[in-house]
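Chains as they are written, first to last, in the working numbering: chain A, 1 to 57; chain B, 1001 to 1242; chain C, 2001 to 2249.
Just so you know, not all the hints are guaranteed correct.
[Said to hold, decoys possible] Simulated pairs of lysine-lysine, DSS-like, Cα-Cα distance not exceeding 27 angstroms: (1) C:LYS2124 to B:LYS1140; (2) B:LYS1036 to C:LYS2244; (3) B:LYS1093 to B:LYS1036; (4) B:LYS1140 to A:LYS8.
[Unchecked claim] Residues from chain B that keep clear of chain C, each with C-beta distances beyond 10 angstroms, as calculated: (5) LEU1048; (6) ALA1061; (7) GLU1095; (8) CYS1104; (9) ALA1128; (10) PRO1183; (11) PHE1220.
[As the list claims (entries may be wrong)] Taking CB as the label site, the calculated pair distances span: (12) B:THR1035 to C:ASN2245: 48 to 58 angstroms; (13) C:ASN2245 to B:PRO1183: 20 to 30 angstroms; (14) C:LEU2045 to A:VAL23: 14 to 24 angstroms; (15) B:VAL1133 to C:VAL2157: 37 to 47 angstroms; (16) C:ILE2049 to A:GLU4: 37 to 47 angstroms; (17) C:ALA2035 to A:VAL19: 14 to 24 angstroms; (18) A:TYR24 to B:PHE1057: 52 to 62 angstroms; (19) C:VAL2157 to B:PHE1238: 34 to 44 angstroms; (20) B:LYS1036 to C:ALA2031: 51 to 61 angstroms; (21) B:LEU1151 to C:ALA2035: 32 to 42 angstroms; (22) B:LYS1140 to A:ALA15: 39 to 49 angstroms.
Since the hints were derived computationally from the structure, they do not count as laboratory data.
Quick reminder that beta carbons are idealized off the backbone N, C-alpha and C, glycines included.
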Amino acid sequence: MPLEEAVKYVAAAYAIIWVAVVVYVIYAARRVSGLERQVRLLNETLDRREAEREADR
Amino acid sequence: MESAALPVTAPALRVTMWRQLYAIVKKDIVSELRTKEMLLSMFLFAVLAMVIFHFAFSVRAQTDLTYFTGGMLWVTFVFAALLGLNRSFVHEKDEGCLDGLLLCPVDRVTIFLAKMTGNLVFLLVIQALAVPVFTLFFVKASYLGDLPAFLAVLVLADLGVCSVGTLLATISMNTKARDLMLPIVFLPLIIPVLIAATSGTTAIFAQTASLGSLGPKLLFLAAYDGIFVLAAYGTYDFAIGE
Amino acid sequence: MERSQSLATSPAVVGTAAGEGAVRRLVSAPALLAAAAACLAAGALLGFIWAPTDASTMGFSQKIFYYHVPVAETALLAFGVAFVAAILYLRRHDAKYDRLGVVAIRLGLLFSGLVMITGMIWGKAAWGAWWAWEPRLTTFLVVCLLYGGYFVLRSSVEEEQRRATYAALFAIIAFVDVPITFLATRFMPAGLHPVVFTSSGAQMDHRDLLAFLISMLGMTLFFVGLLRLEVAVERLKDELYYLKNRLGR
C-alpha cells in the first residue's frame, strides 16, 4: 500500500482512539459532577426535614 | 390501554382497529426500549451464530463460503426470530398482560396483527444491525447494486417468519413444553420460506441473481405470506381464546 | 449527625464515608488521566519520529501497533481486574467489589471494541481486507460477545445479591475462557492472510520497544484513571438511590 494511503489509515486509527478516550472521559466527568450535585441537593433536603422535625418537637 | 377503551358516547374518541393496533404495538416497543434486553440478546445471538458458522465450515485453508452465505444468513435469522418470538409471548403470559389485553373489547385479529407487527419491527431492527456485520464477515463482492432485490427478499421472508411465528407462538405458549414446542412446530412450516430466501440471497451475494430467477421466488414468498396471514385471520380467535 | 452515621452503615455505601470518599478518589483521577495523556502522546511521537519504519510488507501501517497492542493488553487487564473483583465479592459479599466488577468489564468492553476497530483498520491497511478470521481479531470478537452477555445476565436478575453473585460467577468463568479461546483459534486453518500482528517478535528494535512501552504505560494509566472515575459514579448512584428511598419515607 502506498505511503499516502497508509498514512490515512494510521491517522484514522490513532484518531479513533483519541476521540474515544476524550469523549469517554468527558462523559464520565460530567456524570460525576451531575450525580454529586444531586446527592448534595438531596442531603440538603434531608437536613431541612430533620430540622423541621426537631422544631416541631 | 386508555385509547383502546370504548367510551362510545364520546364522539371524539371513535376507536378504530388501527388505533388499537397502534397502541398495542407502541406498548410492546416502548417496554422493550426500556431495557433493550431482548434486542441486545437477539443481536448477540445473531453474531454468535455467524462466528460459530465460520468455525463449523472453515475446514480448509482459504475456504470460499460464498455459496453458503444465504443459508448461513437465514438460519441465523430464523433462530434469532425464534428467540424473539418466545420472549415476547412468555413475557406477556408471565406478567399477566395477555389477560389484561383479552379483557379489552379488542378484536382478536387486531391482537394478532399488532403482535406480528411488533415482532416484525424487532426482527428488522436486528437485521439492520446484523446484515452489515454478516457482510463484513462473509460477503466478498459488493451487492449494493442489488440492494432493492435483497431488501425485497428480506422483508417478504420476514413477513412469513413473523406471521407463522406469531400464530404458533400464541398456541405453543399455552402448552406444557413451552420453549421446546415452538421450534418443533415452527421449523417445518418455515422450510418453504427458508428455501426461497436462501437461494435468492445466495444468488444476490454471489452476483448471479437476475430478475428472471428472483421474480418467482419473490412471488412465492408473497403468496406464502398471504396464505398464512389469512389462516391466522380465520383461526386466531381459537388460538388465543382460553 | 445521626443521618450521616446511618448513611455510612447503609449497605449500598458501605466501605466509604459516602460522598467524601468518592470526592477524595476523584482528585487523583484527573492526575492519572493527565499522566495518561502525556504518555500516550509521547509514545505516539516516539513511534512516528524515532522508531524506524517497518521493513516488512506492512510498511508504515505497522505504526498502528503502538496503540493497538496496548489497547488489547489493557482490555485483558480490565477483565483480569473484574476476575479478581469477582473472587473478592464471592468471598466477602461486599457490594463495592460488585461495583468494581461492572465498571471494569464495561471498560474492558470499550477497549475490546477499540481493539477490533483498530485491528480492522490495520488489516485493511496491511492486507487490503477489512476482516480476516485470524486469532487476535477472532478472539476479541468472541470476548466482546461473551462479556456482552454479562450485561444481559445482569439486567435479567432483579434481586441485588443474586445479581451480584451470578455476575461474579460469570466474570470468573469468562476470564478463564479468554486464553482458552485464543489457543483454540490457533487450530483454525491459516487463511489468505497469515496475519501475525506483532512487530517481528523477539527482535523488536529498541526504539520500537520504548515507544511501545510508553504507550502501554499510558493506556494503563488511562484505564486506572477511568476506573476510579467510574467507580465513583457507581458509588454516587447507589448513594443517590439510598437517599431517594429515605426521602420517600
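Distance restraint evaluation - VAL1133 (chain B), VAL2157 (chain C), Cβ atoms, bounds 37 to 47 angstroms: 28 angstroms, violated
query: Taking C-beta pairs only, is ALA1061 (chain B) more than 10 angstroms away from all of chain C?
result: 4 angstroms, violated
- prompt: Closest CB-CB distance from PRO1183 (chain B) to chain C, is it above 10 angstroms?
  reply: 21 angstroms, holds
Range hint 48 to 58 angstroms (beta carbons of THR1035 (chain B) and ASN2245 (chain C)) holds or violated: 22 angstroms, violated
- prompt: With d taken as the least Cβ-Cβ distance between GLU1095 (chain B) and chain C, does d exceed 10 angstroms?
  reply: 13 angstroms, holds
- prompt: Is ALA1128 (chain B) truly not at the interface, in the sense that its beta carbon sits beyond 10 angstroms from all beta carbons of chain C?
  reply: Non-interface label stands for ALA1128 (chain B): nearest chain C Cβ at 18 angstroms, farther than 10 angstroms.
field: Status of the stated non-contact between LEU1048 (chain B) and chain C (beta carbon gap over 10 angstroms)
entry: 5 angstroms, violated
task: Indicate whether the distance between the beta carbons of VAL2157 (chain C) and PHE1238 (chain B) respects the range 34 to 44 angstroms.
output: Between VAL2157 (chain C) and PHE1238 (chain B), where Cβ atoms are some 37 angstroms apart, the hint holds.
- request: Please work out if LYS1036 (chain B) and LYS2244 (chain C) have their alpha carbons no farther apart than 27 angstroms.
  value: 25 angstroms, holds
query: So the hint says 37 to 47 angstroms: do the beta-carbon atoms of ILE2049 (chain C) and GLU4 (chain A) match that?
result: 18 angstroms, violated
- prompt: Is 52 to 62 angstroms right for how far apart the beta carbons of TYR24 (chain A) and PHE1057 (chain B) are?
  reply: The hinted range 52 to 62 angstroms is violated for TYR24 (chain A) and PHE1057 (chain B), with Cβ atoms some 37 angstroms apart.
message: Given the hint of 14 to 24 angstroms, is the C-beta distance from ALA2035 (chain C) to VAL19 (chain A) inside that range or not?
response: 20 angstroms, holds
Taken one by one, the earlier hints fail for this structure at numbers 5, 6, 12, 13, 15, 16, 18, 20, 21 and 22, listed in ascending order.
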